[in-house]
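Got chain G; can you put chain L on it based on the hints?
There are 2 protein chains.
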Amino acid sequence: MSLVVVGSMAFDSVKTPFGEVKEELGGSAAYFSVAASFFTEVKLVSVVGEDFSPEYIEQFRKRGIDLEGLERNIGKTFRWTVEYGDALNEAKTLKTELNVLERFHPKLPASYCNTPYLFLGNIDPILQGNVLKQLSPKFAVCDTMNFWIQGSREHLLETISNVDIVIINEGEARLLSGERNLVRAAKTILSFGPKSLVMKRGEYGALMFHHDQIFAAPAYPLETVIDPTGAGDSFAGGFVGFLARAQAPLNENLFRQAVIYGSVMASFCVEAFGLRRLWALNVTDIQCRYAAFRDLTAYEDAELF
Amino acid sequence: MSLVVVGSMAFDSVKTPFGEVKEELGGSAAYFSVAASFFTEVKLVSVVGEDFSPEYIEQFRKRGIDLEGLERNIGKTFRWTVEYGDALNEAKTLKTELNVLERFHPKLPASYCNTPYLFLGNIDPILQGNVLKQLSPKFAVCDTMNFWIQGSREHLLETISNVDIVIINEGEARLLSGERNLVRAAKTILSFGPKSLVMKRGEYGALMFHHDQIFAAPAYPLETVIDPTGAGDSFAGGFVGFLARAQAPLNENLFRQAVIYGSVMASFCVEAFGLRRLWALNVTDIQCRYAAFRDLTAYEDAELF
Chain G
1304 MSLVVVGSMA
1314 FDSVKTPFGE
1324 VKEELGGSAA
1334 YFSVAASFFT
1344 EVKLVSVVGE
1354 DFSPEYIEQF
1364 RKRGIDLEGL
1374 ERNIGKTFRW
1384 TVEYGDALNE
1394 AKTLKTELNV
1404 LERFHPKLPA
1414 SYCNTPYLFL
1424 GNIDPILQGN
1434 VLKQLSPKFA
1444 VCDTMNFWIQ
1454 GSREHLLETI
1464 SNVDIVIINE
1474 GEARLLSGER
1484 NLVRAAKTIL
1494 SFGPKSLVMK
1504 RGEYGALMFH
1514 HDQIFAAPAY
1524 PLETVIDPTG
1534 AGDSFAGGFV
1544 GFLARAQAPL
1554 NENLFRQAVI
1564 YGSVMASFCV
1574 EAFGLRRLWA
1584 LNVTDIQCRY
1594 AAFRDLTAYE
1604 DAELF
Chain L
1304 MSLVVVGSMA
1314 FDSVKTPFGE
1324 VKEELGGSAA
1334 YFSVAASFFT
1344 EVKLVSVVGE
1354 DFSPEYIEQF
1364 RKRGIDLEGL
1374 ERNIGKTFRW
1384 TVEYGDALNE
1394 AKTLKTELNV
1404 LERFHPKLPA
1414 SYCNTPYLFL
1424 GNIDPILQGN
1434 VLKQLSPKFA
1444 VCDTMNFWIQ
1454 GSREHLLETI
1464 SNVDIVIINE
1474 GEARLLSGER
1484 NLVRAAKTIL
1494 SFGPKSLVMK
1504 RGEYGALMFH
1514 HDQIFAAPAY
1524 PLETVIDPTG
1534 AGDSFAGGFV
1544 GFLARAQAPL
1554 NENLFRQAVI
1564 YGSVMASFCV
1574 EAFGLRRLWA
1584 LNVTDIQCRY
1594 AAFRDLTAYE
1604 DAELF
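Chains as they are written, first to last, in our numbering: chain G, 1304 to 1608; chain L, 1304 to 1608.
Here chain G stands alone, though its shape is the one from the complex (with noise of 0.2 Å):
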């Protein structure tokens, strides 16, 4: 089934100690909508500037992407520049230009109305809730940060009522419940409505809390990880790509299934710069690599205590 994903476009300045890029391709709609590509069709919302290369909108064209929800406006497209350092877990950001997102007002064009999916990239909690008016979509998913947990809580809380799943970062799950035990953060946050909380935990892995079950995902260790940048919204493409291409009704393990289909997504996201390796990729590669992380896990009883 088809797949609704709002968020940024973006140009992305990124150093780490393995390099540097300027003005790479990027933001939360780029990534999730390459990654989901692969699993559904996607439709697209989101806004760029007049500096937006028609070369970037043919790479959309040739995944699939249905651009119809992307705005061009007068102005120039978001930027964002960060730096990494040794860890590649902590993000420093250095410069954010909103540009033509700061007067970005999601319309979703007709013939997105009745998509099934949703994903709701971290913009604007208030954007996130008008979003769901104009869909009502079958099944909703969200992200958010730091800063609209902090700026906007009121907001946010009332969009992660109305949605199925929350996909956020231990960290910002910590924040947005005020419990520093992860068990106790997933109560409090399944509490404020969704049936599910996915909590992404870098190169540690995933938890997903699913009613009472808890299911752990290790990341996929990799010898070189190049840009962690949007490992977080590919995650989030496999995830709920895998969801909306399932036939079955959704159950527990299908939604184990997707957390490992993000997890694969997102492995493959940091093996280079921006969208590189996602615009590369195949079916096989996300085969093999899914097939890697069963290996990861695997172990039967053989002998018991």
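A pair counts as met if it fits within one copy or between any two copies, since identical chains are not told apart.
Only pairs whose alpha carbons sit at most 20 Å apart, straight line, appear in this in silico DMTMM-like list of lysine to aspartate or glutamate:
1) K1490 / D1598
2) K1379 / E1405
3) K1490 / E1526
4) K1318 / E1526
5) K1498 / E1482
6) K1395 / E1327
7) K1398 / E1386
8) K1365 / E1327
For the record, the hints were derived by calculation from the structure and aren't laboratory data.
Chain L alone, transformed into the frame defined by chain G:
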């Protein structure tokens, strides 16, 4: 098969956000031996002072632990004072009083000879080497810490080259290898001679590097973690204890199960101060937690991409 452990016996004074204990029974040999005693026959080699009360001795005896190798010397038992912050994974040592441990030279009783399994707790690598020469075990595992990695590197590398498995935490693996990336760190450490490396990652679980395979195990998501002291030694006790118990020849799957049993024992250890939770355990508790670990990572390839 039976198992010798060489390590410290201690009185730990521990402060965590959840409380405080003074001179609580601890030490690597204590945690390891109690955890391993649920799986196999354990012979302990350590040293205590005149202040080590007969009631403690009785507790170990009740768990069937052989104490012929426990020296009682003139002076006081080793004492360690530690404080943990909110993160719980960062121990801040406030005081270390070696006392009788300062002049500890492990001598294995004749009855310990021909014991097939050996765990070398975190002590001076020179002493670890002496024990290896005294015992010539079929299967040896060692732990260490930053202090020895930095201060006694040559002797440590000698010990590491003579054991089957090294169990250390990820920070120690980075320091020992000089590699930030854990996959590279593992390759470097395996090039020193051991067949396998287990990297403990605290609340994030453990990674095992064994031949060309990597196994990832989560930590158990606990709602209440009281005191992380001894978790690593309890992990090692479950891990080596299970391998020593196994009837089948050791293979990849048994090593993976051993990582899970290690994680099970660590997950119990942190639920209370000191050894309190481990003393109160029974076999059913361990089997239930093992099953809970299985649930934590289980999924079927019900719907494939």
